[in-house]
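Spelled out, the chains give:
Protein chains: 2
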Amino acid sequence: MMKDVLNKKDFQVIKEGITYPQGIKAAGVKCGIRFNKKDLTLIYSEKVADAWGTFTTNKFKAAPLVVTEKNLSLSKGKLQAVLINSGIANACTGDKGLKDTWETVNYVSEGLKIKKEYVAVTSTGKIGEFLPLDKIKAGLEKAISCLDYAGGEKAAEAILTTDTKKKEIAVNFKLNGEEVRIGGMAKGSGMIHPDMATMLAFITSDISIKGELLQEALKQVVKKTFNMISVDGDTSTNDMVLFMANGLAGNKIVDKKDADYYKFLEALQYVAEYLAKCIVKDGEGATKMIEVEVKNALSFTEAKKVAKAVINSPLVKTAVFGRDPNWGRILAAVGYSGAEVMPDKVDLYLKEKIVENGQPLKISCQEIHKYLEYSDEIKIIVDLKIGKESATTWGCDLTYDYVKINTKYS
Amino acid sequence: MMKDVLNKKDFQVIKEGITYPQGIKAAGVKCGIRFNKKDLTLIYSEKVADAWGTFTTNKFKAAPLVVTEKNLSLSKGKLQAVLINSGIANACTGDKGLKDTWETVNYVSEGLKIKKEYVAVTSTGKIGEFLPLDKIKAGLEKAISCLDYAGGEKAAEAILTTDTKKKEIAVNFKLNGEEVRIGGMAKGSGMIHPDMATMLAFITSDISIKGELLQEALKQVVKKTFNMISVDGDTSTNDMVLFMANGLAGNKIVDKKDADYYKFLEALQYVAEYLAKCIVKDGEGATKMIEVEVKNALSFTEAKKVAKAVINSPLVKTAVFGRDPNWGRILAAVGYSGAEVMPDKVDLYLKEKIVENGQPLKISCQEIHKYLEYSDEIKIIVDLKIGKESATTWGCDLTYDYVKINTKYS
Chain A
1 MMKDVLNKKD FQVIKEGITY PQGIKAAGVK CGIRFNKKDL TLIYSEKVAD AWGTFTTNKF
61 KAAPLVVTEK NLSLSKGKLQ AVLINSGIAN ACTGDKGLKD TWETVNYVSE GLKIKKEYVA
121 VTSTGKIGEF LPLDKIKAGL EKAISCLDYA GGEKAAEAIL TTDTKKKEIA VNFKLNGEEV
181 RIGGMAKGSG MIHPDMATML AFITSDISIK GELLQEALKQ VVKKTFNMIS VDGDTSTNDM
241 VLFMANGLAG NKIVDKKDAD YYKFLEALQY VAEYLAKCIV KDGEGATKMI EVEVKNALSF
301 TEAKKVAKAV INSPLVKTAV FGRDPNWGRI LAAVGYSGAE VMPDKVDLYL KEKIVENGQP
361 LKISCQEIHK YLEYSDEIKI IVDLKIGKES ATTWGCDLTY DYVKINTKYS
Chain B
1 MMKDVLNKKD FQVIKEGITY PQGIKAAGVK CGIRFNKKDL TLIYSEKVAD AWGTFTTNKF
61 KAAPLVVTEK NLSLSKGKLQ AVLINSGIAN ACTGDKGLKD TWETVNYVSE GLKIKKEYVA
121 VTSTGKIGEF LPLDKIKAGL EKAISCLDYA GGEKAAEAIL TTDTKKKEIA VNFKLNGEEV
181 RIGGMAKGSG MIHPDMATML AFITSDISIK GELLQEALKQ VVKKTFNMIS VDGDTSTNDM
241 VLFMANGLAG NKIVDKKDAD YYKFLEALQY VAEYLAKCIV KDGEGATKMI EVEVKNALSF
301 TEAKKVAKAV INSPLVKTAV FGRDPNWGRI LAAVGYSGAE VMPDKVDLYL KEKIVENGQP
361 LKISCQEIHK YLEYSDEIKI IVDLKIGKES ATTWGCDLTY DYVKINTKYS
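Chains as they are written, first to last, in the working numbering: chain A, 1 to 410; chain B, 1 to 410.
Be a bit skeptical, because a hint or two may be false.
If chains are identical, the list can't say which one is meant, so a pair holds when it fits in one copy or spans any two.
[Said to hold, decoys possible] Below, simulated BS3-like cross-link-like pairs (lysine-lysine); rule was C-alpha separation at most 25 Å, straight line:
hint, residue 1, residue 2
1, Lys61, Lys362
2, Lys404, Lys281
3, Lys362, Lys96
4, Lys137, Lys154
5, Lys353, Lys59
6, Lys351, Lys281
7, Lys47, Lys219
8, Lys59, Lys305
9, Lys385, Lys61
10, Lys15, Lys116
11, Lys388, Lys70
12, Lys96, Lys70
13, Lys305, Lys61
14, Lys379, Lys76
15, Lys61, Lys295
None of these hints come from the bench; they were simulated from the model.
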């Protein structure tokens with residue numbers, strides 16, 4: 001298999017995905033929920049894997065997320081298979097939705113001959129519709145027969161809805177001479193029926209690492225990557241990030257915060273940030289990725305408040321789409337973010353420093369207009385100059401196509 | 001003057017505006033900030049009026065708001081004149097912006113021969129630009145010479161930016177046989193240069209009322225009207241509501257919470273709600289007003305959190321624009337609002353009850369689609385069924401024209 005290798009600090013980036021780590025197979029098949037499109041993904045680890053998941057904070061949590069959390073708790077953080085369908089979210093479906101989900105867990109458990117509590121399930125698509133169990137059952141049989149060490153690409157395809165491209169990445173690095181691999185895939189904002197922009201990400205690894213350390217690393221990484229992106233500020237009922245590590249790399253187990261741990265952390269951070277950025281770049285109707293870095297805030301939470309206010313502002317987002325250096329909108333968002341801000345101290349950078357101590361510098365609007373026109377990734381830096389903490393968020397512009405995608409009547 | 005009289009409970013609604021109360025004159029003139037459009041408004045009360053104002057919570061508060069707050073404090077809540085320019089917001093303009101604003105206060109004070117601290121000033125338009133003092137000075141002279149008891153309409157016109165229509169209302173009611181009048185005008189979301197959607201409202205009355213009661217009434221009314229609307233969730237640097245009562249109606253002073261007070265409160269609530277709704281109906285690119293009522297929450301604050309999450313959700317707003325009965329988006333917004341919610345208890349109404357106890361009822365999507373298509377005002381009711389408090393917000397749909405208006409390069 002062709003590998004595209006780029007040199008990064010302590011790890012190598014590989015054009016691969018979820019099946020790159022040892023002992024991970026996957027399949028993506030058509031089960032008939034979405035018209036003539038792949039819509040069912042199965043991921044399988046030959047060895048029971050340590051696992052950790054993070055789930056939407058939406059109070060209307062979809063049934064499969066409830067079930068997967070329950071299984072992770074029953075199995076004390078172990079998983080061996082993940083089943084994902086696209087097209088129907090199985091959210092707001094009440095008791096029947098839960099019962100259906102447990103039924104799909106049974107199918108997977110029986111089909112793969114693994115314990116029920118080692119099965120994670122998730123769904124993305126239209127809210128308020130029930131799963132077609134017969135289709136899922138037949139599709140799963142097909143998926144099991146297609147499980148393959150090279151199945152990552154098809155798996156990454158079958159979790160998409162109206163995403164315009166697959167989102168995959170993989171890295172490897174050495175721990176005590178052994179190659180350790182991480183692979184990931186994600187889906188972003190899109191829908192068949194116009195519906196929630198659901199974020200899903202799955203990361204696998206063959207690293208051998210102590211459960212608590214794995215959790216800590218993932219929490220830290222998710223906080224700074226997946227939890228820092230926004231397409232439209234709407235938190236889905238189905239958001240989920242799931243990680244599995246099966247230990248098949250054969251490295252000496254990482255059991256303390258030593259150099260090996262930080263090597264893993266760095267690589268994991270890269271994978272998560274890459275996937276998170278893929279999601280916003282492929283945000284509904286997006287033409288530009290926007291990165292907002294807030295510096296020198298009183299705390300990370302405060303920095304995040306400011307960064308999120310700017311990245312979610314419809315006026316900032318439409319200004320970027322219009323290639324309009326309308327920096328007043330950025331400061332206004334900083335001002336209403338609710339964070340501690342001293343207006344007379346704020347510096348703002350858009351290509352160059354354009355506001356110093358809350359007041360405009362003489363700038364060339366034409367130059368900034370050009371920057372907004374010709375750069376795919378727009379960087380905004382807000383320097384609050386009142387503390388030492390920083391936060392970075394990623395989002396996208398608000399365009400006619402966002403409105404178009406989301407107004408199409410089902 | 002032709003008066004269109006509608007019968008309302010304890011008050012009459014009149015097709016009039018800011019100059020309807022006794023002793024209030026106004027003018028709206030062209031001073032040359034906006035090309036060939038009225039852009040300078042002056043309101044004048046023959047008698048010093050009790051006044052109260054509420055100002056943006058944005059940390060980047062514009063210079064005129066800082067100055068007006070200062071004057072209201074110096075004068076202990078008295079005002080006699082208000083000067084408003086459109087076209088330039090005088091926000092993020094630092095010390096020079098403040099100095100310029102005080103200069104305009106001087107012009108008004110000298111021109112009208114009134115105390116400086118009796119002058120309120122405000123601005124709406126592009127952030128980061130300085131006021132053209134010469135134009136304001138010349139325009140003010142013109143405005144003073146045009147001050148008129150019938151000047152309300154021109155005044156309401158000169159505060160607009162890209163609003164498509166004037167927003168005016170007046171009411172009268174009897175207190176102890178004396179007619180008391182209230183008049184109001186507002187501007188909503190719009191801009192010459194694409195910029196902040198600034199909300200301004202001015203209400204005058206000839207009622208005689210004790211200062212503390214006036215403040216209490218206004219706080220209560222603003223909280224339930226102007227603070228409950230949203231076009232795009234962006235809080236401007238220049239938002240301001242200002243009220244003046246000059247006592248010229250000759251009613252026995254309202255000095256306790258008796259029937260007279262509640263009569264006034266009811267009429268004031270009507271005026272404020274009318275103006276607030278005018279603002280969202282004329283929201284940038286809006287085709288529909290959306291009203292979200294949240295019932296039976298644990299507190300008003302919790303009810304408001306839910307109502308604001310729904311009214312600000314880009315996915316709910318685009319669904320309404322697309323006439324798409326996509327109720328899952330509404331529940332999702334309820335779920336991420338941060339308020340206490342029990343998903344299994346939530347009922348949802350869109351034309352009819354469509355969700356009961358968090359689960360979909362059998363509904364006719366076609367009927368709801370028709371409702372969304374043919375009603376100008378879309379009503380969404382969310383019944384949380386866990387408490388006794390409620391809140392209502394007003395907003396509008398998110399359309400191609402919103403994106404168009406806000407992407408036009410200045």
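Hints, verified against the model:
1. When the C-alpha separation of lysine 61 and lysine 362 is checked against a cutoff of 25 Å, the pair qualifies only between copies, where the shortest distance is 22 Å, while the shortest distance within a copy is 50 Å.
2. Taking the closest pair of Cα atoms, lysine 404 and lysine 281 come within 25 Å of each other both inside a single copy (17 Å) and across two copies (21 Å).
3. For the identical chains of this complex, lysine 362 and lysine 96 are inter-copy neighbours only, at 15 Å across copies versus 62 Å inside a copy, given an alpha-carbon limit of 25 Å.
4. For the identical chains of this complex, lysine 137 and lysine 154 are intra-copy neighbours only, at 19 Å inside a copy versus 70 Å across copies, given an alpha-carbon limit of 25 Å.
5. In this assembly of identical chains, the alpha carbons of lysine 353 and lysine 59 lie at most 25 Å apart only when taken from different copies (21 Å versus 41 Å within one copy).
6. In the homo-oligomer, the alpha carbons of lysine 351 and lysine 281 lie at most 25 Å apart inside one protomer (19 Å), although the nearest pairing across protomers, at 37 Å, exceeds that limit.
7. Proximity of lysine 47 to lysine 219 under the C-alpha cut-off of 25 Å is restricted to the intra-copy arrangement: shortest distance 23 Å within a copy versus 64 Å between copies.
8. Taking CA atoms no more than 25 Å apart as the test, lysine 59 paired with lysine 305 passes in both settings, with 21 Å inside one copy and 14 Å between copies.
9. Taking the closest pair of Cα atoms, lysine 385 and lysine 61 come within 25 Å of each other only across two copies (19 Å); inside a single copy the shortest separation is 39 Å, beyond that limit.
10. Proximity of lysine 15 and lysine 116 under a CA criterion of 25 Å is satisfied in neither setting, with 33 Å inside one chain copy and 70 Å between copies.
11. Within a single copy, lysine 388 and lysine 70 get their C-alpha atoms no closer than 39 Å, and across copies no closer than 33 Å, so neither meets the 25 Å cut-off.
12. When the C-alpha separation of lysine 96 and lysine 70 is checked against a cutoff of 25 Å, the pair qualifies only within one copy, where the shortest distance is 17 Å, while the shortest distance between copies is 61 Å.
13. For a Cα distance limit of 25 Å, the shortest separation of lysine 305 from lysine 61 qualifies both inside one copy, at 24 Å, and across copies, at 19 Å.
14. In this assembly of identical chains, the alpha carbons of lysine 379 and lysine 76 never lie at most 25 Å apart, being 42 Å within a copy and 46 Å across copies at closest.
15. Taking the shortest alpha-carbon separations for lysine 61 and lysine 295, only the inter-copy value of 22 Å comes in at or below 25 Å, while the best intra-copy value is 34 Å.
Hint violations for this structure: numbers 10, 11, 14, all remaining hints satisfied.
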